[in-house]
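2 protein chains.
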Amino acid sequence: MSDTVKYLLDEQHLPRHWYNINADLPVPLDPVLHPGTQQPITADDLAVIFPRAVIEQEMSTEREIEIPEPVREVYRQWRPAPLYRARRLEKALRTPAKIYYKYEGVSPAGSHKPNTAIPQAFYNKQEGVKRITTETGAGQWGSSLALAGSMFGLEIVVYMVKVSFHHKPYRRAFMETFGAQCIASPSETTASGRAILAEHPDSTGSLGIAISEAVELAAQRDDTKYALGSVLNHVLLHQTITGIEAQQQLEMAGDYPDLVIGCTGGGSNFAGLAFPFLGEKLRGGRDVELIAVEPSACPTLTKGVFAYDYGDTAKLTPLVRMYTLGSSFVPPGFHAGGLRYHGMAPQISHLTKLGYITPTSYNQLDCFAAGIQFAKAEGIIPAPEANHAVKAAIIEAEKCRESGESKTILFNLCGHGNFDMQAYTDYLAGKLKDLTYAEDEVAMALAGLPSVA
Amino acid sequence: MSDTVKYLLDEQHLPRHWYNINADLPVPLDPVLHPGTQQPITADDLAVIFPRAVIEQEMSTEREIEIPEPVREVYRQWRPAPLYRARRLEKALRTPAKIYYKYEGVSPAGSHKPNTAIPQAFYNKQEGVKRITTETGAGQWGSSLALAGSMFGLEIVVYMVKVSFHHKPYRRAFMETFGAQCIASPSETTASGRAILAEHPDSTGSLGIAISEAVELAAQRDDTKYALGSVLNHVLLHQTITGIEAQQQLEMAGDYPDLVIGCTGGGSNFAGLAFPFLGEKLRGGRDVELIAVEPSACPTLTKGVFAYDYGDTAKLTPLVRMYTLGSSFVPPGFHAGGLRYHGMAPQISHLTKLGYITPTSYNQLDCFAAGIQFAKAEGIIPAPEANHAVKAAIIEAEKCRESGESKTILFNLCGHGNFDMQAYTDYLAGKLKDLTYAEDEVAMALAGLPSVA
Chain C
653 MSDTVKYLLD
663 EQHLPRHWYN
673 INADLPVPLD
683 PVLHPGTQQP
693 ITADDLAVIF
703 PRAVIEQEMS
713 TEREIEIPEP
723 VREVYRQWRP
733 APLYRARRLE
743 KALRTPAKIY
753 YKYEGVSPAG
763 SHKPNTAIPQ
773 AFYNKQEGVK
783 RITTETGAGQ
793 WGSSLALAGS
803 MFGLEIVVYM
813 VKVSFHHKPY
823 RRAFMETFGA
833 QCIASPSETT
843 ASGRAILAEH
853 PDSTGSLGIA
863 ISEAVELAAQ
873 RDDTKYALGS
883 VLNHVLLHQT
893 ITGIEAQQQL
903 EMAGDYPDLV
913 IGCTGGGSNF
923 AGLAFPFLGE
933 KLRGGRDVEL
943 IAVEPSACPT
953 LTKGVFAYDY
963 GDTAKLTPLV
973 RMYTLGSSFV
983 PPGFHAGGLR
993 YHGMAPQISH
1003 LTKLGYITPT
1013 SYNQLDCFAA
1023 GIQFAKAEGI
1033 IPAPEANHAV
1043 KAAIIEAEKC
1053 RESGESKTIL
1063 FNLCGHGNFD
1073 MQAYTDYLAG
1083 KLKDLTYAED
1093 EVAMALAGLP
1103 SVA
Chain A
653 MSDTVKYLLD
663 EQHLPRHWYN
673 INADLPVPLD
683 PVLHPGTQQP
693 ITADDLAVIF
703 PRAVIEQEMS
713 TEREIEIPEP
723 VREVYRQWRP
733 APLYRARRLE
743 KALRTPAKIY
753 YKYEGVSPAG
763 SHKPNTAIPQ
773 AFYNKQEGVK
783 RITTETGAGQ
793 WGSSLALAGS
803 MFGLEIVVYM
813 VKVSFHHKPY
823 RRAFMETFGA
833 QCIASPSETT
843 ASGRAILAEH
853 PDSTGSLGIA
863 ISEAVELAAQ
873 RDDTKYALGS
883 VLNHVLLHQT
893 ITGIEAQQQL
903 EMAGDYPDLV
913 IGCTGGGSNF
923 AGLAFPFLGE
933 KLRGGRDVEL
943 IAVEPSACPT
953 LTKGVFAYDY
963 GDTAKLTPLV
973 RMYTLGSSFV
983 PPGFHAGGLR
993 YHGMAPQISH
1003 LTKLGYITPT
1013 SYNQLDCFAA
1023 GIQFAKAEGI
1033 IPAPEANHAV
1043 KAAIIEAEKC
1053 RESGESKTIL
1063 FNLCGHGNFD
1073 MQAYTDYLAG
1083 KLKDLTYAED
1093 EVAMALAGLP
1103 SVA
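Protein sequence lines, in the order shown, are assigned to chains C and A.
Going by the working numbering, the first residue of the first sequence is number 653, and it counts up by one from there.
Going by the working numbering, the first residue of the second sequence is number 653, and it counts up by one from there.
Some clues are possibly wrong.
A pair holds if it fits inside one copy or across any two, identical chains being indistinguishable in the list.
[Stated by the list, open to error] Listed next, the in silico DSS-like pairs over lysine-lysine satisfying Cα-Cα at most 30 Å (straight line):
#, residue 1, residue 2
1, K967, K814
2, K1083, K1059
3, K933, K1085
4, K777, K1005
5, K1005, K814
6, K658, K967
7, K1083, K814
8, K777, K1083
9, K814, K658
10, K933, K658
11, K1051, K658
12, K1083, K967
13, K1059, K782
It is worth saying that the hints were derived from the structure and are not from the lab.
Small disclaimer: the values here were computed from a predicted structure and weren't measured.
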């Protein structure tokens, strides 16, 4: 059999728990600090913007956290998600490596993001919340929360980075089809938006600005909370369903990964796939190498510093210790919009600092070329974000061709490219360029990092 | 359990045969006629544009036709496709009806079209063909054949209706990502294209014209054949995998449909789901009602005549007896591009004429409203074509609410709307209008039907 092989779990194997890596960390995470007092934050501080159940998960050190049955009900529509052996790609690469990919594009929103949007909507609904605010860059997260809001009867307000709002009208249409409100950020609807617009009337926005607006709106009304699509512990926790499924699927295949690869913007799809395997290793189980792939133009893990920083531009969020390029840094407009964030999940930052994760970075042209090579072999056009993982997997498979090793490579194909065809159009027309970040802008952003006592 | 329920077959239940309804027709189909001689066409006549294996299937009356293993290998990437019980939609409609939908949007091209693109590419490859030409309207068929060409190493040339070529650049990018060539039709590359352009330099094209160009190009070179994405017997045959899977899945659910519903352009997704059930009925099994749903603006079954006509504008194709609005009729530019065809599959036409299929039609605004209602309940945004089936299913479920009957309704959700978000954008902005066909144009097209001896 030389073709793609699919490993599909039946529903009785849909995981009943998420995996919390905080239970197995060799050194605990640094505390999250209140932005005002710079003292460790309390559950009460967070309760202004998050529901209690989410805050508990954010702070938990329990290894297994139960997935509520109503969440599993919705997950069942597309989960367990398939794991594929990329035999056609292996053949095209003439590699002895075994390449597996977990495909999260099967969700109705086309990415891994509903894995956390659904439980976040559920917990908010359970606690009587009527409205959730959030931000979105490329639109995958906003689409997913819009979908989740529709499933649980919640009003959703999405601040979409202005440049994406205009470049990706179909993502906006997707959200509005599910009844969500989608606002171009910076906007006149918040003080933080108005402040930016007063200074930069032509601002095209950033995730940091959009987060400020969403958090501000959530803090204004008791019936409104805020949801974040990446970075935080509870988000990474919800994504571990992908890795737990993949563990079972690889067991069906009689295999175990030597390498687990994912692209990293805020870090959630990478962590979701990698943490269950890393947990095994941390508990004395099998060794595994983890590769986090970021764009060269927003090289948080590879060029950032490990420091306390804000999650947003207006400095409304708590301070977390993470790799960061500085919360005032605005990355250039490359196409993998989901990877344009100045920071990185504290858990991933911490584990990278401890040496458990190897970060690497690639330019967008190389990533698009890899994505097209993948599509021609495997039939699926990846999202530009996912192309970074594809690129790294191909590089590793090519190393195996040179060395003759037959490594088992697992990567997260975190979404399809159906809403990103303009990027492919530009690439195929030779119009796409590699972008670099301005070193002086990062230096300035880093110079502005808060000094933490 | 009040939520959506998924019925997923494991791979060992992936069908090994397609179902050929020609074996069970109470009255055989009228012969296909040579466009020149008006005599019944021979396999040799067809061999100029089709591979032998496909011609055999086109003419076969065997009930079961084996699916080649290399085709099943590729199918396995996304098949068996899920069958869902739409419990959330049922609840929203407060209907005692049970609504099931077969979801074909899980294919890499996002629709049911790869079900026939894959075997057609396979048979061509097997017979040494190097290049396949085809036409596409909205782009779903062209995308699927591009994908299939990439899987089997074939060159693909797609003539895309010019208006869609410009309105749907992302479908073109999709095809080009898989290495296919996509040409706006009418074009200067063929005599039939040049003839149209000479008379109508601003022609926006039609499926009929694009078919003429693709057939002409295929007839020119021995290493080139032509592929059609709907209408013909072998295409409908390949699509029956959906109905055969659905039969097994409904058996898992302990249910059987009272109604099977599909949208009809050329007829392939409807036939694919409905024919296996109709075959049961024709062989003396359970009764089932079949509803074919078409757009009011291209009402082939509901307003056309049952007559011999050409499949294309330039009259290059054989003559088939079918419901038709006349091969020179160009329907107005509504959004369900896949339903803009002047004719209807001969098998469907024949069975409609015999009373086994009930045709109906809806306007596009009603269909979009139904699609959005479906999306909000079930989480999937349907393709504009599929919205026609959704609309009919909702109407039938509402009838059950009135009558108190608990009918079992099965419909084909033949594709997702990811590449059709402009239509949703226009609908949500109130810019979409209901379109009507010009009765005088249909009258003129019908007046020009060939007189068949």
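Taking the hints in turn, this is what the structure says about them:
{"no.": "1", "hint": "K967 to K814", "verdict": "within (20 Å within a copy, 51 Å between copies)"}
{"no.": "2", "hint": "K1083 to K1059", "verdict": "neither (36 Å within a copy, 55 Å between copies)"}
{"no.": "3", "hint": "K933 to K1085", "verdict": "neither (40 Å within a copy, 60 Å between copies)"}
{"no.": "4", "hint": "K777 to K1005", "verdict": "neither (37 Å within a copy, 53 Å between copies)"}
{"no.": "5", "hint": "K1005 to K814", "verdict": "neither (34 Å within a copy, 55 Å between copies)"}
{"no.": "6", "hint": "K658 to K967", "verdict": "neither (45 Å within a copy, 44 Å between copies)"}
{"no.": "7", "hint": "K1083 to K814", "verdict": "both (22 Å within a copy, 23 Å between copies)"}
{"no.": "8", "hint": "K777 to K1083", "verdict": "neither (45 Å within a copy, 34 Å between copies)"}
{"no.": "9", "hint": "K814 to K658", "verdict": "neither (39 Å within a copy, 38 Å between copies)"}
{"no.": "10", "hint": "K933 to K658", "verdict": "within (26 Å within a copy, 35 Å between copies)"}
{"no.": "11", "hint": "K1051 to K658", "verdict": "within (25 Å within a copy, 41 Å between copies)"}
{"no.": "12", "hint": "K1083 to K967", "verdict": "neither (37 Å within a copy, 41 Å between copies)"}
{"no.": "13", "hint": "K1059 to K782", "verdict": "neither (49 Å within a copy, 35 Å between copies)"}
Comparing the model with each earlier hint shows violations of hints 2, 3, 4, 5, 6, 8, 9, 12 and 13; every other hint is respected.
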